[in-house]
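Just so you know, the protein sequences line up as chains W and U, in that order.
Numbering-wise, the first sequence is residues 906 to 1499 according to the numbering used here.
Numbering-wise, the second sequence is residues 1322 to 1487 according to the numbering used here.
Hints were generated in silico from the structure; no laboratory data involved.
Here a beta-carbon is modelled for each residue, glycine too, at the ideal position from N, C-alpha and C.
Warning: the hint list may mix true and false statements.
[Said to hold, decoys possible] The calculated lysine-lysine pairs, modelled on DSS-like cross-linking and capped at a C-alpha distance of 25 angstroms, are:
(1) W/1439 to U/1485
(2) W/1081 to W/1249
(3) W/1498 to W/1450
(4) U/1485 to W/925
(5) W/1439 to U/1437
(6) W/1439 to U/1337
(7) U/1478 to W/1439
[Stated by the list, open to error] Partial list, computed: chain W residues near chain U (C-beta under 7 angstroms):
(8) 923
(9) 926
(10) 1200
[To be verified] Only part of the chain W face toward chain U is listed, based on derived beta-carbon distances under 7 angstroms:
(11) 1035
(12) 1036
(13) 1108
(14) 1182
The chain contents come next:
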Amino acid sequence: MIRNQLLVCAGGACITSGEKSVKDVLVDELKKHGIEDEVQVIETGCMGACDLGPIVVVYPEGTFYQKVTVKNADLIVSEHLVKGRTVGELLYTEPTSEKKARTSGDIPFYTRQVKRVLRNCGAIDPLSIEEYIARDGYFALGKALEMTPDDIIQVLLDSGLRGRGGAGFPTGLKWKAAREANGSPKYVVCNGDEGDPGAFMDRSVLEGDPHSIIEAMAIAGHAIGAEKGYMYVRAEYPLAMERFEYAIGKAREYGFLGQSILGTGFNFDIEIRIGAGAFVCGEETALLRSIEGKRGTPSIKPPFPAQAGLWNKPTLINNVETYANIPQIITNGAEWFRSVGSTKSPGTKVFALAGNVQNTGLVEVPMGTTLRELIFDIGGGIPGGKKFKAAQTGGPSGGVITGDYLDMPIDFDTVKDIGTIMGSGGLIVLDEDSCMVDVAKFYLGFTVDESCGKCTPCREGTRQMYQMMERICDGKGRDGDIEKLSRLANVIEDTSLCGLGQSAPNPVLSTIRFYEDEYRAHIYEKKCPSHVCKHLLIYSIMPDKCVGCTACARQCPVDAITGEVKKTHMIDQSKCSKCGSCYEVCRFGAIRKE
Amino acid sequence: MKMNLEDRLKENPELKKQFDVLDAYIGELATLEGSLINVLHRAQEIFGYLPDEVLEFASSRLNLPRSTVYGVVTFYHFFSRLPKGRHTVSVCLGTACYVRGGNAVYEKVMKTLGIKAGETTQDGRFSLDIVRCVGACGLAPVVVIDKDTYGRSTPEKVVTLLNKYA
């Protein structure tokens, strides 16, 4: 008889923090105390609070233990399970009130979230189809198979669901187009090529709740008249592949995939295709080429994939998070879906909170939540007492949201109005130490690397922009650079073939819009106001703090520092290579960086 | 002139064994259409990289022009035309890692190993790669060595880490 369950978070971040060894300790301890038959250890998908990992939750109480290590994991067994005493030292302490939280319901990071897409992540064993079914899994598929395809599509249209991959195109319209397209066979594709650096929600869904995607793809198959689906996962996510593959096997075994699903005569099956490390494959036409085993270069739209997609056949392609919404919409109806979120962007959105923020991880909130709630209430603010500077959304295709917009409700349309995009939901928080010119250069460098090379504006244009940005950061910026950058950016936006090129200049345009003064400081004053751009720094020694220990002089690789023992040292600016090693080695804080 | 692949395999039973594994994998595929990338993934697992012989083999086995195979191999970052070291160090320079100092970690690894991304140390111990986001942004900056992921890395920590891999 099982009396307790230990849910161990096996999301990517917790595994990195040592989840496997913690689980082994738990299993060993249970055996040692002879209660291995009474307590079940379950590895779940991501619980979201990546900063607190490894996480172990004890059910039925729901006691939330965080930052568990191999050294203290035994306490969960010997204290909590054997003696019935909560292990205080492993509970989460709320930093402001210093109160201990017993369950996730006591932690602000969780209480402000609305879990729909992530409802099963961290709550069930992703390898167990039974647990998925117990949470109403595959109910929607059964219901959908009793509905006509047109009715299903109508529900989606009514729900107002928009594609979570970034552009926010109405999902129902996509399905309608694929249903109405002539041609056979038709295909259902899931875009799991989550390439935006800083976003990892799709990975978490695939790892933590793979059956929800299988179910949604099967519903899509019925709705558009397809019998074959492809799941495209990026090669960087081996665990997602493994769990999805396993889930497909289980779904076949239970008759949710394969021939005559649930005895209705509807056939549908899914095959996994692995990416091979090309960001452009997140673009739908490029992704379809990659599934065909070709170079992932995009093609001009129209024709849209719905008309001529995979092997030139009508193809429905949606992103992972979009699919994850579908079964619940079918089960609960369009009205239910619209009950949270904003009018034009109903439902929830999962954000990957990362960068300079206290609580990093995955958070799901209603559309229309403000940045302030996301970063300060849920994210716990900026660490180290630093000030908030900006948030970056949409990755290399997006832009920045400044402090002035902290109280603006975030949805597909509001962010567009201020020059960025929702993107897949990566939300990188930047503190006052971040140089916006450097950040824009970073994103542009990414696009230069990832441009597939098919069209000239993207291939050559982004490179030209990058070289200009590099010059500016190296202190060689020239009068007129800002105007030149903007002009070139507009040309690239207008003339690139696919979304990658069209959006590549966004990080630069957005930072010029809000932080032109920083660009000007780099170009005209040859200064980096945030002290990030190496070539614009000046290192000097403050005479009142220098004790003449010679540490910096010994460390300097170009012998730019001179001075006698116990006497103030000097840096020869003409020799200094700005490597910063003197700054790092000085124990007296005598090196000034400006 | 180069010998053809079959003759070369006769002379090298070790190599033949590896090709047999790849051949068996291709034999088990449901359809050959569109399977090139999957086959190349499997081949890289078997051989560690994708030398000319493998490209030649894939081309004849899947009935594709060699130019197509070569085009695909060189398009995707994941495929390597050069042998890799015993251990692969991948430093993540995705946004979250970059913002939290991934660059300093990368520079330290470069300095310590004396190689740049895409290169292998002379003793064949390490290969170095840059990756763009492994999806563990909560623990940035992240370094992946072989199949182990290390979070919250620093220039100091990474050197200790490297020493663990012989």
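*Can you give the numbers of the hints that this structure goes against, from lowest to highest?*
1, 6, 8, 9, 11 and 12
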